[in-house]
Amino acid sequence: MNYDELYIDDATLTRFLAGETSAEEQLKIISWLDLSEENRKRLDQLEVVWLEAGNLQPRPVAVSPKLAWDKMEQRVDAYEQSQKTKKHRIIWLTSVAASILVILFVSRIWTSTTAPLTLANLTPIAVTDTLPDGSIVALNANSSLEYNKQFGKNNRNLKLHGEAFFQVKRNAQLPFIVDAGIGGVKVLGTQFNVKIEENSDVAIDVVKGKVQVFCFNIVSNDTITTILTRNQSALIQQSSRKILPKKQLPTAINWHNNTIVFNDTPLQDVFKTLNEHFNIEITCNDNNINALPLNTIFQTDNIDEIIDVITSTFDLEYTKEGNKYTITTP
Amino acid sequence: MEAKTNINTIDKPAFELLFKQHYSNMCAYAFNFVKDQEVAEELVQNIFFKLWVNRKSIEIESSVESYLFRSIRNAALNLIKHINIREEYKKHKQSEDQWQEQNDADFSTETELQKLIRQAINKLPEQRRKIFIQSRYDGLKYREIADKMGISIKTVENQMGKALGFLRTELKDYLPVILLFFSHLFLDE
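Residue numbers (the working numbering), protein chains in the order written: chain A, 1 to 330; chain B, 1 to 189.
It is possible that some hints are incorrect.
Claimed, not checked - Subject to a maximum C-alpha distance of 25 Å in a straight line, what follows is the list of computed SDA-like cross-link-like pairs (lysine to any residue):
1) Lys41(A) <-> Asp9(A)
2) Lys154(B) <-> Asn39(A)
3) Lys66(A) <-> Asn158(B)
4) Lys162(B) <-> Ser64(A)
5) Lys71(A) <-> Asn158(B)
6) Lys115(B) <-> Gln26(A)
7) Lys130(B) <-> Glu24(A)
Unchecked claim - Pair ranges (Cβ atoms, derived):
8) Gln212(A) <-> Glu61(B): 52 to 58 Å
9) Asn78(B) <-> Arg75(A): 16 to 22 Å
10) Glu59(B) <-> Glu25(A): 54 to 60 Å
11) Thr169(B) <-> Thr85(A): 50 to 56 Å
12) Lys20(B) <-> Asp34(A): 42 to 48 Å
13) Gly19(A) <-> Glu42(B): 29 to 35 Å
14) Thr85(A) <-> Thr155(B): 46 to 52 Å
15) Gln127(B) <-> Gln57(A): 20 to 26 Å
16) Gln57(A) <-> Lys12(B): 30 to 36 Å
17) Glu38(A) <-> Glu42(B): 44 to 50 Å
18) Glu59(B) <-> Glu80(A): 19 to 25 Å
19) Ser152(B) <-> Lys71(A): 26 to 32 Å
20) Gln212(A) <-> Glu42(B): 54 to 60 Å
To be verified - Interface residues of chain B toward chain A, partial, derived using beta-carbon atoms under 7 Å:
21) Phe19
22) Tyr29
23) Ile117
24) Arg118
25) Lys130
26) Tyr142
27) Met160
Treat the hints as calculated values from the structure; they're not laboratory data.
Given the structure is predicted, the values throughout are model-derived calculations rather than measurements.
Note that the Cβ used here is the ideal one computed from N, Cα and C, for glycine as well.
Work the whole structure out from these sequences, hints included.
In structure tokens:
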């Protein structure tokens, strides 16, 4: 047999391995295999590749990485483009925000240069004043109010330090807002007392009308509000940032007009109130005395007079040393 | 194997390289689960796109390769769950378990020879590779492939011969030299 006649190419051998050859062709291949070791080796190797390829797990799939990349590139480019416009938008927004800040800052300077108004009471006794909107405020000792020139025109916002009693002139268009640090009070027109305690708690006592007490809750990042009406009180607690209901002490709300009402108030609390309002120090180590309830109305700014009344009411004695009073049983 | 790709600082040309290098195998891997080439490709595209979008922030402890294959598997399994056809799911679940046993997502348990064959297949020109895969893996007859691709049966035959011939020459050094006894190949006919 002629070697050339019997030349079998890879295409035929592959067809053979793929099972696409006829019986006649197969006989031809057998003859070809017998011709040389080389031929045998060739088919042998093709077969190993064919069989091994069939074992691939996972099996290959007929995908086109090139076409797939074209698709991916489009997607990536579109994404990058959108990121760029987004960045532009952010820059634009940032500049808008910056200009707003500048405007705010300038207006702040402007208002502050034109009207940095502080109403401070550095005296040991309460003072009463009228605010630009016609509301009356009684500022307790060592307390102050801050407000801007526009107060009463386009706002009625106040910042309070210490304690103040407000008689707010009704204005439904401009709410009267007292900022007391961790929260505050918003009203349209009413009478109420706001006192910032040393621990930053804020005590609110309403005498007349309706107020809204608010508190910024830093945890939930929102504002809690509560409505208080006549003779109701609340405490904005600094530690919990909650608005807690509170029993109204009659004494607390009348300091501003030198009227102090004690209504079954234990002397211990009476002393505390007097200490605060007159900037004095009443000492009493007798718990029996401290528990005695007091029912009376004082309308005086003379502390000695008040101490006299109390001691004589309960048959007590007191000694005075400067602004220190010591109460004892006779 | 090239140097380890740092995905956090990858640029587009390097990303293209990574994509083209792994696309075929990832599709094969995805196909293993979803049994549909189009779906498999879509999955792989999405994985790569996500990789690009998150490239700066992504933290890859292992290699990018195993990250990609893991992502594929998770995406494929999610998809299968989403399809939620119980019977289908069972089948896929089986294939997953089966697959889990033999391969840890990154083809690492493949024999050297299998790895080389896979690489060689991926090196084939596109049309040739497509014909070869349809014949070898989809079990199509030459006639069927020819009809499907709108080419002559002679072209299929030629391309098949060139494909297998190429694989043989690529792997020559790795093929066993022991001669097999071939008679069994004819006995079936």
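Hints and how they fare:
no.: 1; hint: Lys41(A) <-> Asp9(A); verdict: holds, 14 Å
no.: 2; hint: Lys154(B) <-> Asn39(A); verdict: holds, 23 Å
no.: 3; hint: Lys66(A) <-> Asn158(B); verdict: holds, 23 Å
no.: 4; hint: Lys162(B) <-> Ser64(A); verdict: holds, 19 Å
no.: 5; hint: Lys71(A) <-> Asn158(B); verdict: violated, 30 Å
no.: 6; hint: Lys115(B) <-> Gln26(A); verdict: violated, 31 Å
no.: 7; hint: Lys130(B) <-> Glu24(A); verdict: violated, 29 Å
no.: 8; hint: Gln212(A) <-> Glu61(B): 52 to 58 Å; verdict: holds, 54 Å
no.: 9; hint: Asn78(B) <-> Arg75(A): 16 to 22 Å; verdict: holds, 20 Å
no.: 10; hint: Glu59(B) <-> Glu25(A): 54 to 60 Å; verdict: holds, 59 Å
no.: 11; hint: Thr169(B) <-> Thr85(A): 50 to 56 Å; verdict: holds, 51 Å
no.: 12; hint: Lys20(B) <-> Asp34(A): 42 to 48 Å; verdict: holds, 45 Å
no.: 13; hint: Gly19(A) <-> Glu42(B): 29 to 35 Å; verdict: holds, 33 Å
no.: 14; hint: Thr85(A) <-> Thr155(B): 46 to 52 Å; verdict: holds, 48 Å
no.: 15; hint: Gln127(B) <-> Gln57(A): 20 to 26 Å; verdict: holds, 25 Å
no.: 16; hint: Gln57(A) <-> Lys12(B): 30 to 36 Å; verdict: holds, 33 Å
no.: 17; hint: Glu38(A) <-> Glu42(B): 44 to 50 Å; verdict: holds, 47 Å
no.: 18; hint: Glu59(B) <-> Glu80(A): 19 to 25 Å; verdict: holds, 22 Å
no.: 19; hint: Ser152(B) <-> Lys71(A): 26 to 32 Å; verdict: holds, 30 Å
no.: 20; hint: Gln212(A) <-> Glu42(B): 54 to 60 Å; verdict: holds, 56 Å
no.: 21; hint: Phe19; verdict: holds, 6 Å
no.: 22; hint: Tyr29; verdict: holds, 5 Å
no.: 23; hint: Ile117; verdict: holds, 5 Å
no.: 24; hint: Arg118; verdict: holds, 6 Å
no.: 25; hint: Lys130; verdict: holds, 4 Å
no.: 26; hint: Tyr142; verdict: holds, 5 Å
no.: 27; hint: Met160; verdict: holds, 5 Å
Comparing the model with each earlier hint shows violations of hints 5, 6 and 7; every other hint is respected.
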